[in-house]
Amino acid sequence: MEWQFFVELVTNGMLTGLMYALVAVGFVLIYKSTDAINFAQGEFCMIAAIVVAGAIKLYGFPVWVAIGTGLLFMLVFNWGLERVVLRPMIGRPVVAIIMATIGLALMFRGLGPLVFGAETRPIPLPIPDQPIIWGPFFMAPIDVLGAVISIGFMAVFGWFFMKSRKGVAMRAVADSHQVSMAMGINVERYFVLAWMLAGFVALLGGLVWGSAIGVDTQLAALGLKVFPVVILGGLDSIVGVIVGGIIVGVVEAISAGYIDPFVGGGTKDFTPYVLMILVLMVRPYGIFGKPIIERI
Amino acid sequence: MFHRESGYFKTTYQADMALFPLPIGRVAIAGLAVLFFVVFPIVMDDYYLTLVNLAAIAVVGALGLNILLGYTGQISIGHGAFMSVGAYTAANFAVHFDLPFWITIPSGGILAAAVGLLVGLPSLRVKGLYLAIATLAAQFIIEWTLNHTPVISGGVQASIEMPRPVVFGNTITTPTEMYLFLLPISVLAIIATLNLVRSRIGRAFVAIRDQEIAAEIIGINVYRYKLLAFMISSFYAGVAGVMATYYYGVANYEAFQLPISIDYLAMIIIGGLGSVLGSVFGAFFITLLPFGVRIFMETVGVFFVEGVYLAQVIAQMRLIIFGGLIIFFLVVEPEGLNKLWQNIRNYFRVWPFSY
Chain E
1 MEWQFFVELV TNGMLTGLMY ALVAVGFVLI YKSTDAINFA QGEFCMIAAI VVAGAIKLYG
61 FPVWVAIGTG LLFMLVFNWG LERVVLRPMI GRPVVAIIMA TIGLALMFRG LGPLVFGAET
121 RPIPLPIPDQ PIIWGPFFMA PIDVLGAVIS IGFMAVFGWF FMKSRKGVAM RAVADSHQVS
181 MAMGINVERY FVLAWMLAGF VALLGGLVWG SAIGVDTQLA ALGLKVFPVV ILGGLDSIVG
241 VIVGGIIVGV VEAISAGYID PFVGGGTKDF TPYVLMILVL MVRPYGIFGK PIIERI
Chain X
1 MFHRESGYFK TTYQADMALF PLPIGRVAIA GLAVLFFVVF PIVMDDYYLT LVNLAAIAVV
61 GALGLNILLG YTGQISIGHG AFMSVGAYTA ANFAVHFDLP FWITIPSGGI LAAAVGLLVG
121 LPSLRVKGLY LAIATLAAQF IIEWTLNHTP VISGGVQASI EMPRPVVFGN TITTPTEMYL
181 FLLPISVLAI IATLNLVRSR IGRAFVAIRD QEIAAEIIGI NVYRYKLLAF MISSFYAGVA
241 GVMATYYYGV ANYEAFQLPI SIDYLAMIII GGLGSVLGSV FGAFFITLLP FGVRIFMETV
301 GVFFVEGVYL AQVIAQMRLI IFGGLIIFFL VVEPEGLNKL WQNIRNYFRV WPFSY
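Residue numbers (this note's numbering), protein chains in the order written: chain E, 1 to 296; chain X, 1 to 355.
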């Protein structure tokens with residue numbers, strides 16, 4: 001029974017981790033193309049989920065229409081944000097960008113409940129409630145769905161970045177803004193594209209997490225959860241996001257299963273951070289991150 | 001303001017190194033001192049004095065963060081955690097060993113500095129965004145440790161009741177007394193920072209901020225100065241934590257969680273990075289903002305919102321206005337309130353000419 005407990009913790013941890021990866025890929029996307037870290041990614045997920053759940057609850061939209069509305073909203077919304085807030089931040093010190101996204105995060109946390117009401121709402125995705133029982137193991141269907149979406153999306157995303165014309169252009173922009181401008185790439189257009197993609201990812205993350213734990217401002221805490229994921233994997237690596245996600249998910253599950261009973265709970269909120277610091281000491285740019293070469 | 005800067009000749013090194021070289025500066029500072037130490041305690045009623053008290057605490061913390069972020073360029077999202085270290089240190093010393101405030105305040109600062117040193121250790125290898133997240137990790141780890149270590153945090157809801165400070169035999173109880181207790185500490189912190197940033201250490205900090213590799217090449221021991229910056233910053237944070245503990249009368253980690261760290265970041269962004277005056281402006285601005293929002297909502301908002309929801313809407317409006325202001329300042333005036341003040345001052349300095 002002991003090993004079964006362990007295996008169950010690990011499998012569920014991996015599923016959760018893949019769901020984290022889905023949120024975390026939004027950070028990577030932004031960082032890769034615009035060199036900014038987005039402290040509001042959790043809030044993006046929250047806003048997307050609140051819009052979808054609000055459309056279902058307040059206006060009686062069917063689920064798919066509501067999701068479409070959410071998608072449209074996130075794309076337009078992020079396009080606007082990039083224009084108004086984030087474009088002036090290009091080339092500014094790191095702290096300016098961090099603070100701008102923190103400012104956004106705070107605004108969303110106020111705006112979401114102000115516009116759509118503060119109560120917790122469900123997102124009724126058409127999936128079964130009963131756990132999937134496979135031998136002695138239990139898995140929640142939403143976790144499995146989340147993991148599948150996550151893996152599928154990563155595959156598409158990897159293809160997009162490696163093969164498609166737009167993806168290659170985006171990588172060029174990430175590498176050097178100046179050189180890509182000289183090569184005839186419209187850098188600003190790709191910034192907008194990156195933020196809109198991040199909005200799309202946030203919608204996916206918001207849907208999966210929203211239907212897993214319910215939609216309210218608590219969803220924004222996801223943003224803090226996925227920092228260890230992106231840092232462990234390296235801020236600019238898609239493979240890193242998946243690996244980091246799985247590591248964090250498993251570490252969380254194991255610390256919740258084995259350490260919590262001895263110290264009275266709450267360890268899973270910070271063990272990923274401890275692990276992250278240890279990794280940073282050895283590899284300052286994460287496991288798969290690209291080292292930044294500094295010059296005068 | 002309406003003065004000329006010419007005609008003052010410095011004949012000694014002391015005169016050249018004076019903090020306020022112009023007579024007008026000394027007069028203005030004396031005037032401010034009278035205003036803050038004599039007029040305010042007499043004129044202001046208790047409610048406003050408590051607000052100024054909160055701002056006085058925030059000034060110390062903001063100065064500390066500005067030394068680290070504004071002068072040395074190292075990001076810290078764990079400032080609140082250092083404050084909590086100072087707070088619990090002081091509370092334990094005051095409760096278990098019955099020590100007076102002039103020991104608890106520095107000791108809280110010193111222990112916070114030691115923790116800051118630990119957190120700063122990765123700063124040589126880990127830079128920029130990665131460092132920001134590492135300090136965020138420190139915030140969570142310190143919070144959790146305090147909450148789950150009854151030896152430090154007193155057990156019941158992780159809070160320790162703080163005895164009232166005794167100054168020259170008087171126990172401090174009223175807001176006015178508290179004001180006169182806290183304000184000198186803030187003033188001391190301001191003067192110390194003003195002198196620090198123009199010393200050898202301060203110049204090394206600025207060199208590291210502007211170009212780390214270049215600083216190393218001209219012979220600055222980057223690692224040592226980065227750690228020093230972390231220690232000094234955490235010392236300030238620890239002192240601010242002790243002040244807050246004396247002010248609230250209880251040491252509790254909940255008063256120093258992540259939102260507080262973000263508040264302090266907002267203070268120095270809005271006030272002005274790398275400026276002592278900016279830290280003071282920012283501290284007052286951010287501390288008074290929630291009260292301003294409340295007054296505004298209670299007078300204007302009642303026409304739009306039903307009474308039952310008002311408290312909730314005020315909380316949400318506070319977040320929106322707070323976030324909006326951060327973004328506004330970053331986009332429109334990146335150098336913050338300090339720059340606005342400089343503009344006003346420069347206008348009058350050359351008045352009636354344009355330059």
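Please keep in mind that the hints were generated in silico from the structure rather than gathered at the bench. Quantities reported herein were computed from a predicted structural model and do not represent experimental measurements. Some hints could be false.
[Claimed, not checked] Okay, derived cross-link-like pairs now, SDA-like style, lysine to any residue, Cα gap no bigger than 25 Å in a straight line:
hint	chain 1	residue 1	chain 2	residue 2
1	X	Lys339	E	Gly91
2	X	Lys127	E	Ile151
3	E	Lys268	X	Ile141
4	E	Lys268	X	Lys339
5	E	Lys166	E	Ala140
6	E	Lys32	E	Pro122
7	X	Lys127	E	Pro93
8	E	Lys268	X	Thr145
9	E	Lys166	X	His148
10	E	Lys32	X	Gly128
[Stated by the list, open to error] Label pairs and their calculated CB-CB ranges:
hint	chain 1	residue 1	chain 2	residue 2	range
11	X	Phe304	E	Leu75	28 to 34 Å
12	E	Val239	X	Leu124	24 to 30 Å
13	X	Arg26	E	Arg171	56 to 62 Å
14	E	Gly167	X	Leu124	31 to 37 Å
15	E	Gln130	X	Val222	24 to 30 Å
16	E	Arg283	X	Gln257	39 to 45 Å
17	E	Val148	X	Pro106	19 to 25 Å
18	E	Ile133	X	Phe304	48 to 54 Å
19	X	Phe37	E	Gly117	45 to 51 Å
20	X	Val222	E	Trp134	50 to 56 Å
21	E	Leu58	X	Ala311	35 to 41 Å
22	X	Thr50	E	Met183	56 to 62 Å
Idealized CB from N, CA, C, for every residue including glycine.
Right, here's what the structure says about each hint:
1. X:Lys339 to E:Gly91: holds (20 Å)
2. X:Lys127 to E:Ile151: violated (31 Å)
3. E:Lys268 to X:Ile141: Holds, at about 11 Å.
4. E:Lys268 to X:Lys339: The given pair, whose Cα atoms are some 44 Å apart, is violated under the 25 Å limit.
5. E:Lys166 to E:Ala140: violated (37 Å)
6. E:Lys32 to E:Pro122: violated (33 Å)
7. X:Lys127 to E:Pro93: holds (13 Å)
8. E:Lys268 to X:Thr145: holds (13 Å)
9. E:Lys166 to X:His148: violated (50 Å)
10. E:Lys32 to X:Gly128: holds (15 Å)
11. X:Phe304 to E:Leu75: 28 to 34 Å: holds (30 Å)
12. E:Val239 to X:Leu124: 24 to 30 Å: Since Val239 of chain E and Leu124 of chain X have Cβ atoms about 27 Å apart, the given range 24 to 30 Å holds.
13. X:Arg26 to E:Arg171: 56 to 62 Å: Since Arg26 of chain X and Arg171 of chain E have Cβ atoms about 59 Å apart, the given range 56 to 62 Å holds.
14. E:Gly167 to X:Leu124: 31 to 37 Å: holds (35 Å)
15. E:Gln130 to X:Val222: 24 to 30 Å: violated (59 Å)
16. E:Arg283 to X:Gln257: 39 to 45 Å: Cβ of Arg283 of chain E to Cβ of Gln257 of chain X: about 29 Å, so the range 39 to 45 Å is violated.
17. E:Val148 to X:Pro106: 19 to 25 Å: Cβ of Val148 of chain E to Cβ of Pro106 of chain X: about 58 Å, so the range 19 to 25 Å is violated.
18. E:Ile133 to X:Phe304: 48 to 54 Å: Given range 48 to 54 Å: holds, Cβ gap about 52 Å.
19. X:Phe37 to E:Gly117: 45 to 51 Å: holds (49 Å)
20. X:Val222 to E:Trp134: 50 to 56 Å: Given about 55 Å between the Cβ atoms, the range holds.
21. E:Leu58 to X:Ala311: 35 to 41 Å: For Leu58 of chain E and Ala311 of chain X the Cβ distance comes to about 23 Å; the hint is violated.
22. X:Thr50 to E:Met183: 56 to 62 Å: holds (60 Å)
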